[in-house]
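Heads up: the sequence lines are chains A and B, in that order. Position 8 (the first sequence) corresponds to 8 in full-length UniProt numbering; numbering is contiguous. Position 92 (the second sequence) corresponds to 92 in full-length UniProt numbering; numbering is contiguous.
There may be inaccurate statements among the hints.
Stated by the list, open to error - Below, in silico cross-link-like pairs of lysine to any residue (SDA-like), each with a Cα-Cα straight-line distance of 20 Å or less: (1) B:134 - A:58; (2) B:134 - A:48; (3) B:134 - A:63; (4) B:230 - B:137; (5) B:134 - A:4; (6) B:216 - B:38; (7) B:134 - A:59; (8) A:53 - B:137; (9) B:134 - A:30; (10) B:230 - B:134.
Just so you know, the hints here were simulated from the structure itself, not pulled from any lab data.
Chain by chain, the residues run as shown.
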Amino acid sequence: MASNEEILTGLAEIVNEITGVPAADVQLDKSFTDDLDIDSLSMIEVVVGAEEKFGVKIPEDEVKNLATVGDAVTYIKNASPEA
Amino acid sequence: MPRSQVPVVVTGLGASTPVGGDAASTWDSLLAGRSGVRPLTEEWVADSPVRIGAPVAVDPSEVLPRVQARRLDRSAQIALIAAREAWADSGLEGKASETGIDPDRLGVVCASGIGGLHTLLGNYDQLLAHGSRKVSPLAIPMLMPNSPAANVGLELQARAGVHTPVSACSSGSEAIAYGLDMIRSGRADIVVAGGTEAVIHPLPIAAFANMMALSKRDDDPTAVSRPFDKDRDGFVLGEGGALFVLESAEHAEARGARVYVELAGAGMSSDAHHIAQPEPDGIGVMAATRKALDDGGLQPNDVAHINCHATSTPVGDAAEALALRKVFGDAISGIPVTAPKSMIGHLLGGAGAVEAMATVLTLHHGLVPPTINLDHLDEQIGLDVVHDGPRKLGNGSIAALNNAFGFGGHNVVLAFRRP
Chain A
1 MASNEEILTG
11 LAEIVNEITG
21 VPAADVQLDK
31 SFTDDLDIDS
41 LSMIEVVVGA
51 EEKFGVKIPE
61 DEVKNLATVG
71 DAVTYIKNAS
81 PEA
Chain B
1 MPRSQVPVVV
11 TGLGASTPVG
21 GDAASTWDSL
31 LAGRSGVRPL
41 TEEWVADSPV
51 RIGAPVAVDP
61 SEVLPRVQAR
71 RLDRSAQIAL
81 IAAREAWADS
91 GLEGKASETG
101 IDPDRLGVVC
111 ASGIGGLHTL
121 LGNYDQLLAH
131 GSRKVSPLAI
141 PMLMPNSPAA
151 NVGLELQARA
161 GVHTPVSACS
171 SGSEAIAYGL
181 DMIRSGRADI
191 VVAGGTEAVI
201 HPLPIAAFAN
211 MMALSKRDDD
221 PTAVSRPFDK
231 DRDGFVLGEG
241 GALFVLESAE
251 HAEARGARVY
261 VELAGAGMSS
271 DAHHIAQPEP
281 DGIGVMAATR
291 KALDDGGLQP
301 NDVAHINCHA
311 TSTPVGDAAE
321 ALALRKVFGD
331 AISGIPVTAP
341 KSMIGHLLGG
351 AGAVEAMATV
361 LTLHHGLVPP
371 TINLDHLDEQ
381 IGLDVVHDGP
391 RKLGNGSIAA
401 LNNAFGFGGH
411 NVVLAFRRP
């Protein structure tokens with residue numbers, strides 16, 4: 001299964017593809033809205049991209065709890081099939 | 001009718017068309033008689049009743065930054081590129097407030113006949129194949145017909161109103177007419193107006209082909225679109241668009257803007273005859289032409305050139321020619337006309353705007369671009385169709401008309417005048 005580091009890298013690639021934010025700027029402590037300027041529509045795109053890439057489900061109700069990149073990495077890690 | 005209205009001028013032009021990625025290269029290609037019609041290479045073409053088209057010469061998704069391009073339907077990509085060019089061409093740079101334009105006095109009118117079809121059908125394919133979760137949260141803002149106008153408005157910071165007239169193949173010209181109205185009525189000083197379309201896709205091709213509107217020849221792509229020729233048998237589907245910067249003459253003068261021509265007037269009418277066929281006696285087109293002349297304070301003998309709608313369908317070209325012969329009488333033999341669809345195909349909602357741009361540049365440069373593929377002028381037509389190279393126009397204050405007609409019986413005629 002993917003390590004935290006691999007999830008972060010994968011997430012950074014998705015964010016870069018969708019928003020153009022350089023992958024290197026996507027760090028665990030960054031807020032999706034305040035630091036990375038990702039609006040609600042783009043956040044849905046990021047979530048769908050992550051679901052596909054990591055084979056997890058991220059329910060709509062959960063998305064609002066993913067304030068930082070670190071939150072997302074932790075959630076994906078815990079939700080991973082082999083976790 | 002007295003011309004009490006505010007004079008409106010054209011100060012900027014931008015385009016992305018089958019024969020050029022901008023206004024200048026499009027104009028050069030039109031003068032040179034170069035066709036943008038070519039074999040389509042997509043996989044679906046194998047099953048299509050028509051295998052040629054006129055895609056834009058420069059892929060708009062490669063001109064825009066990647067992230068911006070993926071958030072815009074192809075039709076909006078084209079509009080944004082054309083708007084940026086037109087804005088810069090009129091001497092403006094950046095958002096309205098950054099370039100000395102009052103955002104509350106800036107409007108946008110950008111038409112589309114069909115809207116974000118690639119986005120709509122692409123997302124439907126995703127829905128069928130992978131379920132609702134795969135439908136993009138951006139699908140609606142990308143597919144709505146006002147998306148090109150809204151995105152141009154966002155880009156330029158337009159707050160006087162952002163509008164999207166929809167009248168099939170006259171949409172682009174209707175947008176320019178609405179831009180004229182916005183300025184005349186005092187709702188804006190400056191309006192970015194025009195049209196865009198990008199629907200080279202198997203569904204509209206099948207639909208137009210089943211209406212018998214498209215030529216099904218594909219042996220020699222560049223020879224298929226042949227307005228006014230006796231062997232014409234339908235149009236070729238193209239994609240592209242153009243935007244104008246329209247401005248009150250006073251506003252343009254105050255900022256020292258270069259003026260191409262005056263947008264003297266517009267005439268609109270509706271056939272109330274048939275959903276997809278022109279009224280055969282040309283009554284609607286005659287009405288729109290007379291309204292455009294009246295609105296522009298012009299007499300028929302002021303008109304030195306007509307840029308025809310002429311799609312290359314047997315019935316449409318004949319009806320337009322008949323209407324022009326009726327309005328201008330014997331004088332029509334002395335008015336050179338041209339039909340850009342011979343080279344760019346039919347851009348639907350983009351057609352009127354791109355061809356109006358050709359009309360502006362014809363007056364500005366004093367050169368009428370040729371109609372290509374006119375091997376045997378249909379005897380019914382009775383117009384002086386320029387072919388075999390460009391023709392010079394006379395000097396002085398002269399006017400030119402641009403015609404655009406759409407399914408639904410919409411007729412729009414724009415009148416431009418060289419001061």
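A quick look at each hint next to the structure:
| no. | hint | result |
| --- | --- | --- |
| 1 | B:134 - A:58 | holds, 13 Å |
| 2 | B:134 - A:48 | holds, 7 Å |
| 3 | B:134 - A:63 | holds, 16 Å |
| 4 | B:230 - B:137 | violated, 49 Å |
| 5 | B:134 - A:4 | violated, 26 Å |
| 6 | B:216 - B:38 | holds, 13 Å |
| 7 | B:134 - A:59 | holds, 14 Å |
| 8 | A:53 - B:137 | holds, 18 Å |
| 9 | B:134 - A:30 | violated, 26 Å |
| 10 | B:230 - B:134 | violated, 50 Å |
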